[in-house]
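S.K.: If you're matching positions, the sequence shown starts at 67 in this note's numbering and goes up one per residue.
Among the clues, some could well be false.
Below, a list of computed lysine to aspartate or glutamate pairs in the EDC-like style, where the Cα atoms sit at most 20 Å apart [unchecked claim]: (1) K337 <-> E133; (2) K123 <-> E317; (3) K356 <-> E160; (4) K123 <-> D324; (5) K360 <-> D175; (6) K346 <-> E317; (7) K138 <-> D326; (8) K123 <-> E349; (9) K346 <-> E133; (10) K346 <-> D324; (11) K333 <-> E131; (12) K360 <-> D179; (13) K346 <-> D175; (14) K337 <-> E317; (15) K337 <-> E293; (16) K132 <-> D116.
Source of the hints: derived by calculation from the structure; they are not laboratory data.
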Amino acid sequence: MRRIIHLIFFFGLSLLILEGCKTKRALTKSPLVPLNEKAIIEQLQSNVFDFNTLSAKLSVNAVTEKENRSFKVNMRIASDSAIWMSITPALGIEAARAMITADSLKFIDKLADKYYLGDYRALDSLFGYEAQYEFLENLLVGNPIQILEGEKYQSVVDELYYVIQTKNPRKVRKAVDLSFKPSKEDTLKIETEIVKRKKLNKAVDKLEEEDLVIKRFYVRSDNFRVEKVLIEDLLTQRSFRVEYGNFLEVEGNYFAHDVDIFIDTPKESGKFEFSYSRIKINEPQSYPFKVPSKYEPLFR
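Based on the provided sequences and hints, a complete structural model is requested.
M.R.: Below, the structure written as structure tokens:
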């Protein structure tokens, strides 16, 4: 999981290098019928945003501890195959272009005449994480991320939401004083002062890395789309949160037109705000990518 958080940082900071829709559907205010975690996950899988191709315009605001930048992105996706992006800053001139596939990453910095062409193994060595295409695509279109087969979950009704959370080992729950009592203001942030470090160290020694990652998913009751994801890595003290909003219907599917991503690590933090418009699906589209001969490698 910690490698996934690294991936998000790379994705967001790479961007820094440089409505045929119906009205919003409101959440029902009637009491929810409790569902177990298996039923909730099945509903999530039945209500994914399904498409063959997708194109959209994005307004992006990226905030880190060092800078704040805004830019436009023209995005095209071929489901399970490729993500293509053209990045344009305020001046309206294309600054960068990226192509992400299941086994390769390509990037052109048009302002610096630089390029990167490589596979995920090269980036694993360079950045120290395992890159995953599926995670990025699901993140961008609002489909469930990191709900893995074989993981154990527990469920609860939180006002107008169904909530599922990983069922972590007892040693972990005792070390961080973790209880499953979600609320609207809950960020699942494990405060340093309440962590029983000695107990946590013992848990680290005896448990798998995956057992030290806490995940919580808030699921809308009207369309069974994920509205908020919270992920906390206890070992590295890294946290990841994504919030989806402004759900509008696009060709019979509900799509979140506003996405906020928050990342926090001991060394850096960032927030990335995406606002979608002009979403079209299942139309023919191209993914042009060519490196000019005068460009030099981004990394040597």
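S.K.: Honestly, which of those hints from before does the structure not fit?
M.R.: 9, 13, 14 and 16
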